[in-house]
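Work out the full structure: start from the sequences and follow the hints.
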Amino acid sequence: MSRRYDSRTTIFSPEGRLYQVEYAMEAIGNAGSAIGILSKDGVVLVGEKKVTSKLLQTSTSTEKMYKIDDHVACAVAGIMSDANILINTARVQAQRYTFAYQEPMPVEQLVQSLCDTKQGYTQFGGLRPFGVSFLFAGWDKNFGFQLYMSDPSGNYAGWKAAAVGANNQAAQSMLKQDYKDDISREEAVQLALKVLSKTMDSTSLTSDKLELAEVFLSSGKVKYQVCSPEDLTKLLVKFGVTQPVADAS
Amino acid sequence: MECVFGMVGKEFAVVVADSSAVHSILVHKSNEDKIMLLDSHKLMGASGEPGDRAQFTEYVQKNVALYHFRNGIPLTTAASANFTRGELATALRKNPYSVNIVLAGYDKGSGPSLYFIDYIATLHKVDKAAFGYGSYFSLAMMDRHYRKDMSVEEAIELVDKCIIEIRSRLVVAPPNFVIKIVDKDGAREYAWRESVKDAPSVA
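Those sequence lines, one after another, are chains A and B. Okay, so the first sequence: first residue is 1 according to this note's numbering, each after it adds one. Okay, so the second sequence: first residue is 250 according to this note's numbering, each after it adds one.
In case anyone wonders, no lab produced these hints; they're calculated from the structure. Keep in mind it's a predicted model, so treat the numbers as computed, not measured. A few of these clues could be false.
[What the hints assert, rightly or not] Listed below are several chain A residues computed to face chain B (Cβ distance under 7 Å; list not exhaustive):
| # | residue |
| --- | --- |
| 1 | T10 |
| 2 | A100 |
| 3 | Q109 |
| 4 | D140 |
| 5 | N142 |
| 6 | F145 |
[Stated by the list, open to error] Straight-line Cα separation of at most 27 Å, DSSO-like style, residue types lysine-lysine; simulated pairs:
| # | chain 1 | residue 1 | chain 2 | residue 2 |
| --- | --- | --- | --- | --- |
| 7 | A | K141 | A | K198 |
| 8 | A | K40 | B | K357 |
| 9 | B | K374 | A | K141 |
[As the list claims (entries may be wrong)] Label pairs and their in silico Cβ distance ranges:
| # | chain 1 | residue 1 | chain 2 | residue 2 | range |
| --- | --- | --- | --- | --- | --- |
| 10 | B | I369 | A | S53 | 52 to 62 Å |
| 11 | B | D447 | A | A157 | 34 to 44 Å |
| 12 | B | R319 | A | S81 | 54 to 64 Å |
Glycine residues also receive a C-beta, built at the ideal position from the N, C-alpha and C atoms.
Now the structure itself:
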């Protein structure tokens with residue numbers, strides 16, 4: 001209809017929409033999903049891996065989870081190459097802050113700073129927006145544990161539980177039903193795995209199709225821990241979201 | 250001959266500065282306030298080139314305010330000290346500021362703190378600090394009499410001892426001083442120590 005406005009990334013359509021931003025969100029809707037849940041003693045991030053092959057060197061690469069700074073990590077959904085650029089930008093911004101103030105950058109400020117970068121690509125330069133949505137999980141001394149979701153428009157908000165990527169609406173409504181404010185970190189892991197298992201397309205959940213990471217405090221320091229495939233398999237069995245290794249029967 | 254010094258007490262910090270504005274052999278005024286309120290809970294006493302002093306301290310003050318407006322939370326004393334040092338360091342090899350700073354603040358979690366920042370961007374977190382010729386006397390007095398966790402009265406007694414030393418032993422000693430204090434209730438002017446008042450105007 002208003003197709004002639006599509007090719008110009010940084011102008012409004014007559015209906016007041018930014019088509020390129022919307023198309024970016026479309027692209028993310030086809031990507032592997034990610035879920036984040038805020039608990040009182042940590043933040044849990046779970047991601048669905050789309051690239052699963054025995055040939056993939058899983059020990060040296062992550063597809064969904066990235067550490068931005070010692071106290072902030074993120075899960076991505078969308079175009080991986082776009083995500084890499086933004087993750088690097090976020091890392092530089094975090095270090096620049098620490099260089100100036102000798103303190104870790106407050107989580108919301110980091111998210112806001114990255115979103116300001118994303119917004120720039122919707123307003124000037126003639127470049128397309130980034131096809132990535134993020135779930136940021138972090139801790140700072142001002143507001144404790146926090147979870148933020150951001151999208152290609154540069155919009156962001158703080159969430160108790162959020163989902164991005166494929167089937168994110170279904171996941172979001174499931175989270176809304178089952179989330180409770182005083183959820184513990186272990187319960188959050190269970191909820192995240194349960195919701196992901198229901199919204200993923202695969203018939204069976206195995207640890208090579210998922211990535212799980214947690215941000216929590218240990219001896220007063222913020223820890224970002226990615227779950228090993230073995231531990232992940234154990235968790236999947238424990239919470240009953242996968243078939244255990246078939247016993248001889 | 251500008252004197253700025255400060256010390257940390259029990260749940261407060263105090264900064265003292267002389268108040269003469271001098272140009273060559275002329276004293277412009279003897280009630281110049283050289284201790285700026287960076288925000289509700291921070292004091293920045295500065296000595297050095299008068300133009301740089303005003304420009305740089307105001308620059309830091311406005312940046313501290315901007316941070317607060319942007320982010321809804323104030324900078325900690327440590328963060329503002331490091332920011333100040335960073336600005337001095339960046340300007341140092343191009344267009345240096347000739348300002349020495351004693352920065353005092355009170356933070357909810359960590360209590361009072363004092364920072365020594367000199368014009369070539371040295372930063373030290375300290376219990377007592379001093380700049381200028383007066384530092385020879387005030388530092389010596391503080392080394393002799395300072396204890397940790399002094400009360401306000403005890404600290405002001407020590408401040409007065411330092412001022413007496415400066416007045417009696419420094420050849421061109423500044424006559425007047427301003428004392429400012431910062432604690433959990435905020436940063437404020439505590440007192441003036443004047444030995445020369447402006448001549449009363451003719452009726």
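Taking the numbered hints from earlier one at a time, note which ones the structure violates and give those numbers from smallest to largest. 1, 4, 6, 7, 11, 12
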